[in-house]
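Chemist: Single-letter residue listing:
2 protein chains.
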Amino acid sequence: MQSTHLREHNLSAVLRALQAAGEPTSRAGLASLTRLTKPTVSKLVEELIGAGLISEGDPISAGAGRPMVPLRPAAGTLLAIGLEIAADHVSCLGVDLTGSELSRRTVYGRAASAEEAIARAAQLVREVRADAPDLPVVGVVAAVPGRISPDGRLVLSAPNLDWTDVPLVEGLRTHLAPEAGDIVALNDNRLSVLTEIDRRPGESFLYVRGSTGVGGAVVLEGSVLEGTHGWAGELGHTVVEPGGLTCRCGRRGCLEAYISYHALVEQAGLGPEVRIEDLVDELSRSSSRTEVIGVIGRSLGLAIANALNILDLSTVVLSGYLAPIAEEITPVVRETVTAHALAAEAGPISIERSDTTPDPALRGAARAALQPVFDAPGAWISRAATPAGRTA
Amino acid sequence: MQSTHLREHNLSAVLRALQAAGEPTSRAGLASLTRLTKPTVSKLVEELIGAGLISEGDPISAGAGRPMVPLRPAAGTLLAIGLEIAADHVSCLGVDLTGSELSRRTVYGRAASAEEAIARAAQLVREVRADAPDLPVVGVVAAVPGRISPDGRLVLSAPNLDWTDVPLVEGLRTHLAPEAGDIVALNDNRLSVLTEIDRRPGESFLYVRGSTGVGGAVVLEGSVLEGTHGWAGELGHTVVEPGGLTCRCGRRGCLEAYISYHALVEQAGLGPEVRIEDLVDELSRSSSRTEVIGVIGRSLGLAIANALNILDLSTVVLSGYLAPIAEEITPVVRETVTAHALAAEAGPISIERSDTTPDPALRGAARAALQPVFDAPGAWISRAATPAGRTA
Chain A
1 MQSTHLREHN LSAVLRALQA AGEPTSRAGL ASLTRLTKPT VSKLVEELIG AGLISEGDPI
61 SAGAGRPMVP LRPAAGTLLA IGLEIAADHV SCLGVDLTGS ELSRRTVYGR AASAEEAIAR
121 AAQLVREVRA DAPDLPVVGV VAAVPGRISP DGRLVLSAPN LDWTDVPLVE GLRTHLAPEA
181 GDIVALNDNR LSVLTEIDRR PGESFLYVRG STGVGGAVVL EGSVLEGTHG WAGELGHTVV
241 EPGGLTCRCG RRGCLEAYIS YHALVEQAGL GPEVRIEDLV DELSRSSSRT EVIGVIGRSL
301 GLAIANALNI LDLSTVVLSG YLAPIAEEIT PVVRETVTAH ALAAEAGPIS IERSDTTPDP
361 ALRGAARAAL QPVFDAPGAW ISRAATPAGR TA
Chain B
393 MQSTHLREHN LSAVLRALQA AGEPTSRAGL ASLTRLTKPT VSKLVEELIG AGLISEGDPI
453 SAGAGRPMVP LRPAAGTLLA IGLEIAADHV SCLGVDLTGS ELSRRTVYGR AASAEEAIAR
513 AAQLVREVRA DAPDLPVVGV VAAVPGRISP DGRLVLSAPN LDWTDVPLVE GLRTHLAPEA
573 GDIVALNDNR LSVLTEIDRR PGESFLYVRG STGVGGAVVL EGSVLEGTHG WAGELGHTVV
633 EPGGLTCRCG RRGCLEAYIS YHALVEQAGL GPEVRIEDLV DELSRSSSRT EVIGVIGRSL
693 GLAIANALNI LDLSTVVLSG YLAPIAEEIT PVVRETVTAH ALAAEAGPIS IERSDTTPDP
753 ALRGAARAAL QPVFDAPGAW ISRAATPAGR TA
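Protein chains in written order, with this note's numbering: chain A, 1 to 392; chain B, 393 to 784.
Calculated directly from the structure, the hints in this document are not laboratory data.
Among the hints, a few may not be true.
Claimed, not checked - Restraint-style ranges between C-beta atoms, simulated for each label pair:
no., chain 1, residue 1, chain 2, residue 2, range
1, B, Pro-750, A, Pro-167, 50 to 56 Å
2, B, His-401, A, Arg-35, 18 to 24 Å
3, A, Gly-243, B, Glu-674, 56 to 62 Å
4, A, Gly-269, B, Pro-750, 41 to 47 Å
Just so you know, even glycine gets a beta-carbon here, dropped at the ideal spot from N, CA and C.
The whole structure should be built from the sequences, with the hints applied where relevant.
Modeler: Below, the structure is given as structure tokens:
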């Protein structure tokens, strides 16, 4: 048992080191990164190459001595599937072990029911899977704008989807063959922030994301704060106006009641089917633009200031629909944050715009779906498609 | 160098293990706790006994085999000094390595200036020191109700003392002989929470303390969240009423503006020199009692709910002047927290009363002043008073 466990641990250490390195790395480089001996690393690398989890590039000569053989996670040998279930669309993304996109599908428009949304999502998973029929599927991770049970199976509450206690995983399973692998639901903001953490390794920051709702994540030295139920960072339901507007969650005065997609649609006087991108465009042309920016800036600023006082952080990252309007809202946000956050006494609070891809929750979901391979590569050694050899 | 470092590390591991065990422990027990070998532990224990940092009790026979010799941190061989500088009093506490009180002094009444408060504090340190003239002094830690510079020397802002940029450590130094050891200032709430953590090892909770101001600390699995500047947990300046009452910090709508000592003195219609204990008594007899309890409960509940949404914690501990009135305010606090905290959807939020000593900041300061001995016992081996031997 001990040696099986040790082998699994070492296989994982090598594969994770290669992922974290972010560039082709030699066996000697991996030995240095993992603090394993070179012979041990060479043996593990051979297993991982044989299983199609690592690929070798062409040897690179660097002056005298043996040429360096670059290793990287293998392309096109496994399929991991990310789903995003949002108020106005469902998207599906298939990636391989390198994180490269293999296939992508989106259906726009609001589903009439949870059942319909789940059926759409399952159909997209089938299509993405059909685009790479020969690859073993690692699993599916679904990003959902709400609170999920700790086991990742039940959506407890997703006010912007009008979902309460929806058994998402069970629903997807009834539509999908068992070969779809493990299916797990996770909060969309917790998945989105993974891309931001990649850009800011080891940093601490408050991540605020506007999508259908407004959510966030607390990142402490590169790790997402989980909290008791995995719900930490729920900025959208902090109170910015006691006794104020009624939020879709039923509470009064929540930040979301002022700056969510629904709240903004109402302020802009638009129909219910408008896409967030179009909404932002509309707002930027609207005659009430200054007023809307003021409402967003002040309520967001207050929620952020309160969070910063509890967390004592000095960096805030605006993402989702807040990123494209960051330049406009930041002066108002900054004014409110500076007025109320104690950390502003020690130096300016940095309010930054996220530069992530336009679909960080979907990308984060696909990335999370890959994680089992990095955590326990041994299980995949017998299942991977490519039998052996050099693929670069 | 390596072996000096290793020896220091192991001495510290043994002494910390003995402190953490909280009960007399044998050499074999320490070997098991530290994962060091028994011969190594025996050698380290002899050094620590010789230096007066550990004492041996009388051997205890337990059936057959060698009798067990109980070890504990040595009593009466070192002096660590805690100070508390509050709006209405200055207190000083001297403890030995067991945490036992050796001497205590308090002066009541508000000091006219920072200089006067510092002079009073220094006088108390001298008196406590004079009560144990033969013991080497580890150092002095001062608990201050405000924000301290990261190096622990400057009080940046303590609104309830009317202090801004007060060089506390330098001030104390001018009054005290160099033999007072290291002097450091720390936030009173961060020190108070240490006692609570001892009672709840490994737990996660939001700690809220009412004293002259209202502060707190965030405890995640037994560790205090520091934040960028060491100011995390500053619940007192989260906004509970946007544009509301002006706080002593100059901001508007802070929790402290509604429930601080000063705010309550005003609500109770009392003079400025009333002690917190008397104020609480007065409030409980007051005809406006229900109204005051309502204000405290609602504003505190809102601040707590917002903090819980960011942190996703399910336990709140009320301490300081909030502890004796916890029973009265908890129903109102609970109502507001349940209405706004998402975690309440997963199960009841536990709102508990701290059972700590009446002066947790002072005790925490003394405890923190001991810490250098546990961190680096080697430095004390040459300085401790008792040359050798059994003291139990």
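Chemist: Indicate, hint by hint, whether the structure satisfies it.
Modeler: Hints, one by one, checked against the model:
no., hint, verdict
1, Pro-750/B / Pro-167/A: 50 to 56 Å, "holds, 51 Å"
2, His-401/B / Arg-35/A: 18 to 24 Å, "holds, 20 Å"
3, Gly-243/A / Glu-674/B: 56 to 62 Å, "violated, 30 Å"
4, Gly-269/A / Pro-750/B: 41 to 47 Å, "violated, 59 Å"
In summary, the numbered hints that this structure violates are 3, 4.
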